[in-house]
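Protein chains in written order, with the numbering used here: chain A, 63 to 157; chain B, 472 to 738.
Hints should not be assumed to be uniformly reliable.
[Unchecked claim] In silico lysine to any residue, SDA-like type, Cα no more than 25 Å apart, as pairs:
hint: 1; chain 1: A; residue 1: 133; chain 2: B; residue 2: 548
hint: 2; chain 1: B; residue 1: 498; chain 2: B; residue 2: 567
hint: 3; chain 1: A; residue 1: 131; chain 2: B; residue 2: 697
hint: 4; chain 1: A; residue 1: 131; chain 2: A; residue 2: 84
hint: 5; chain 1: B; residue 1: 498; chain 2: B; residue 2: 616
hint: 6; chain 1: A; residue 1: 133; chain 2: A; residue 2: 80
hint: 7; chain 1: A; residue 1: 131; chain 2: A; residue 2: 81
hint: 8; chain 1: A; residue 1: 138; chain 2: B; residue 2: 567
hint: 9; chain 1: B; residue 1: 707; chain 2: A; residue 2: 98
hint: 10; chain 1: A; residue 1: 77; chain 2: B; residue 2: 699
hint: 11; chain 1: A; residue 1: 104; chain 2: A; residue 2: 84
hint: 12; chain 1: A; residue 1: 131; chain 2: B; residue 2: 709
hint: 13; chain 1: B; residue 1: 707; chain 2: A; residue 2: 79
hint: 14; chain 1: A; residue 1: 131; chain 2: B; residue 2: 648
hint: 15; chain 1: A; residue 1: 77; chain 2: B; residue 2: 616
hint: 16; chain 1: B; residue 1: 707; chain 2: A; residue 2: 101
hint: 17; chain 1: A; residue 1: 131; chain 2: B; residue 2: 537
hint: 18; chain 1: B; residue 1: 712; chain 2: A; residue 2: 94
hint: 19; chain 1: A; residue 1: 104; chain 2: A; residue 2: 94
hint: 20; chain 1: B; residue 1: 712; chain 2: A; residue 2: 79
[Stated by the list, open to error] Quick look at which bits of chain B chain A covers, simulated, 3 or more residues with Cβ under 8 Å:
hint: 21; segment: 479 to 491
hint: 22; segment: 518 to 527
hint: 23; segment: 614 to 625
hint: 24; segment: 706 to 715
It is worth saying that the hints were derived from the structure and are not from the lab.
Glycine included, each C-beta is placed from N, C-alpha and C at the ideal position.
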Amino acid sequence: MINVRIPTPLRPLTKGQGEVTAQAKSIAEMIETLNASHPGIKSRLCDETGELRRFVNIYVNEEDIRFLKGKETSLKDGDEVSIVPAIAGGSSCRT
Amino acid sequence: MELTEPQIQRYSRQIILSEVGGKGQMKLSKARVLLIGAGGLGSPAGLYLAAAGVGTIGLVDSDIVDLSNLQRQILHSTATVGMPKVESGRKTLTAINPEITVNTYHQLVDADNILQLFKEYDMVLDGSDNFSTRFLVNDACFFAKKTLISASMFRFEGQLTTIKPHAGYPCYRCLYPEPPPAGLVPNCQEAGVLGALAGTMGILQASEAIKEILGIGETMADRLLIYDALEMKFRKVRRPKDPACRLCGPTPTITNLSSDYTVTCTI
Numbered sequence: 063m064i065n066v067r068i069p070t071p072l073r074p075l076t077k078g079q080g081e082v083t084a085q086a087k088s089i090a091e092m093i094e095t096l097n098a099s100h101p102g103i104k105s106r107l108c109d110e111t112g113e114l115r116r117f118v119n120i121y122v123n124e125e126d127i128r129f130l131k132g133k134e135t136s137l138k139d140g141d142e143v144s145i146v147p148a149i150a151g152g153s154s155c156r157t
Numbered sequence: 472m473e474l475t476e477p478q479i480q481r482y483s484r485q486i487i488l489s490e491v492g493g494k495g496q497m498k499l500s501k502a503r504v505l506l507i508g509a510g511g512l513g514s515p516a517g518l519y520l521a522a523a524g525v526g527t528i529g530l531v532d533s534d535i536v537d538l539s540n541l542q543r544q545i546l547h548s549t550a551t552v553g554m555p556k557v558e559s560g561r562k563t564l565t566a567i568n569p570e571i572t573v574n575t576y577h578q579l580v581d582a583d584n585i586l587q588l589f590k591e592y593d594m595v596l597d598g599s600d601n602f603s604t605r606f607l608v609n610d611a612c613f614f615a616k617k618t619l620i621s622a623s624m625f626r627f628e629g630q631l632t633t634i635k636p637h638a639g640y641p642c643y644r645c646l647y648p649e650p651p652p653a654g655l656v657p658n659c660q661e662a663g664v665l666g667a668l669a670g671t672m673g674i675l676q677a678s679e680a681i682k683e684i685l686g687i688g689e690t691m692a693d694r695l696l697i698y699d700a701l702e703m704k705f706r707k708v709r710r711p712k713d714p715a716c717r718l719c720g721p722t723p724t725i726t727n728l729s730s731d732y733t734v735t736c737t738i
């Protein structure tokens, strides 16, 4: 089982849960599994061509998968996956 | 230049730290730090930098103080509602420490003025509220070789990292190559933010800035810190240099500030 940390902006899709579990052998498989249980999550992580979006990072334990094997990065039992999107807030929040 | 008696008294609790000492205090008093945004992050960061005796602090912000800011922007007060944030900020910072210089810039930062603004400073703290400014500040810091302490937040979650590609570390684009397109990320007015989270992240920024000035401790330049206030969890992940980075990689395609930095983060 893999533990997946869900960032605040995606929690509406996981009913507010900050951590969910998934059974998967790779990141690609994990995304499909997550999307089955939490529909809509895949389109937040991947663009229309299925590539990971450039402003969302996925870490396996402490490592960014862009510097491993991307979506083909393999997972093993007990791995902690973190989804970390770019966030911009800090100051006065003008629109 | 030597420390005066009142200075030794004012800073005694940090001068007695062996990592600081009189020498470190002099480094702080010679340091020149520019805060981008005098809001949720710039407020706590500015207060601690001023209190620690950072000699020159620049505040750049185009906004005026609004009642809805006061929940988290602790540089400002009910009495300064309606005043430019940089003015309100200067009053607060100089009240805490009249020995420092506070420069104010009541303006937006853009590609035309940012490098000129940076000239007077050795370090930049980004507490801005939008992606266009964040990418512009990153790129300008890269070209001007300024150390950047970047923090951001969203609802109950914050991120922090130190950016100094001039010392061989990755830049912000190595972490996030591109800003999100309009519509995919809500802005913070819609999302809300916990005031105390702004405090935590801004103070972490001040702490990292002081470490970089003094050259002590572990740098955050190859790490990203993620703080989840609801779960009370701090996590650190590795932040490698991207060999394909368009800015700081070996074959850059961004070679000046002429790219389009306009990104809207509203839905």
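A quick look at each hint next to the structure:
no. : hint          : in the structure
1   : 133/A x 548/B : violated, 49 Å
2   : 498/B x 567/B : holds, 19 Å
3   : 131/A x 697/B : holds, 23 Å
4   : 131/A x 84/A  : holds, 19 Å
5   : 498/B x 616/B : holds, 19 Å
6   : 133/A x 80/A  : holds, 22 Å
7   : 131/A x 81/A  : holds, 23 Å
8   : 138/A x 567/B : violated, 53 Å
9   : 707/B x 98/A  : violated, 29 Å
10  : 77/A x 699/B  : holds, 17 Å
11  : 104/A x 84/A  : holds, 14 Å
12  : 131/A x 709/B : holds, 16 Å
13  : 707/B x 79/A  : holds, 20 Å
14  : 131/A x 648/B : holds, 17 Å
15  : 77/A x 616/B  : violated, 44 Å
16  : 707/B x 101/A : violated, 28 Å
17  : 131/A x 537/B : violated, 47 Å
18  : 712/B x 94/A  : violated, 29 Å
19  : 104/A x 94/A  : holds, 7 Å
20  : 712/B x 79/A  : violated, 32 Å
21  : 479 to 491    : violated (count 0)
22  : 518 to 527    : violated (count 0)
23  : 614 to 625    : holds (count 4)
24  : 706 to 715    : holds (count 7)
In terms of the numbered hints stated before, the structure departs from hints 1, 8, 9, 15, 16, 17, 18, 20, 21, 22, listed from lowest to highest.
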